[in-house]
Amino acid sequence: GNSVTQMEGPVTLSEEAFLTINCTYTATGYPSLFWYVQYPGEGLQLLLKATKADDKGSNKGFEATYRKETTSFHLEKGSVQVSDSAVYFCAHPFKDSGYSTLTFGKGTMLLVSP
Amino acid sequence: GAVVSQHPSWVICKSGTSVKIECRSLDFQATTMFWYRQFPKQSLMLMATSNEGSKATYEQGVEKDKFLINHASLTLSTLTVTSAHPEDSSFYICSARVGGDSGYTFGSGTRLTVV
Chain A
-6 GNSVTQMEGP VTLSEEAFLT INCTYTATGY PSLFWYVQYP GEGLQLLLKA TKADDKGSNK
54 GFEATYRKET TSFHLEKGSV QVSDSAVYFC AHPFKDSGYS TLTFGKGTML LVSP
Chain B
3 GAVVSQHPSW VICKSGTSVK IECRSLDFQA TTMFWYRQFP KQSLMLMATS NEGSKATYEQ
63 GVEKDKFLIN HASLTLSTLT VTSAHPEDSS FYICSARVGG DSGYTFGSGT RLTVV
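If you're matching them up, the sequences are chains A and B in order. For the record, in the first sequence the residue sitting at position 45 is 38 according to our numbering, with numbers rising by one throughout. For the record, in the second sequence the residue sitting at position 46 is 48 according to our numbering, with numbers rising by one throughout.
These are computed hints drawn from the structure, not numbers from a lab. None of these values were measured; they are calculated from a predicted model. All the pointers check out, no bait thrown in.
DSS-like mimics (lysine-lysine), calculated; alpha carbons at most 27 angstroms apart, straight line: (1) Lys53/A - Lys43/B; (2) Lys43/B - Lys16/B; (3) Lys43/B - Lys70/A; (4) Lys99/A - Lys43/B; (5) Lys66/B - Lys99/A.
Taking CB as the label site, the calculated pair distances span: (6) Gln74/A - Lys43/B: 20 to 28 angstroms; (7) Lys68/B - Thr5/A: 35 to 43 angstroms; (8) Glu89/B - Asn(-5)/A: 23 to 31 angstroms; (9) Cys15/B - Asn15/A: 35 to 43 angstroms; (10) Lys53/A - Asp29/B: 21 to 29 angstroms; (11) Pro107/A - Lys57/B: 49 to 57 angstroms; (12) Gly34/A - Asn72/B: 21 to 29 angstroms; (13) Thr21/A - Ser56/B: 24 to 32 angstroms; (14) Pro88/B - Gly2/A: 23 to 31 angstroms.
For glycine and all other residues, C-beta sits at the position ideal for the given N, C-alpha and C.
Please construct the entire structure, taking both the sequences and the accompanying hints into account.
Dropping the structure here:
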């Protein structure tokens, strides 16, 4: 079936450290892949996306490359900031009964200290 | 960009009462909206898919009579939690698909607390 697996958090880093949050997926075909970010008490915001294999999504210093061969979409940032502290969700859409909905990973909390 | 406005952002209600949550697409038409529930420190659980002009499609285990969904227009979908109980306390988020599978936009969420 369709699923998304993320590394468990929390991930605790010091400011300016390098970040990697792993994400792997199982899906039929080659769906678009997304990373969403959720700040405390808020809804989800799209961070970046990739719509086909080998695409790299990037935004606000974050990057993720759609790796078909490893079915992965790992999120990276070279130098994190305190303001990056949030929960990050990896997701992809799947079609069920004709409707395309998002399947989410469990989320990874990132805590960045000064 | 496509924006979904969700209201209220938080609500406290007494057990046994009903609460309505609204989601409006502000600059696009949403024929389909999705309603999610999120428990503390957990991922989003899809509750139902709301379709304009027809009945919602509920996920397994979600009570249709408790979580009433109405999608009467292309810009408005509502979720009503009926006869609320403390265990219904949660964070509810709506979402709409924008531009096929390449984009989804989310409301800002509603924190429901039932006392």
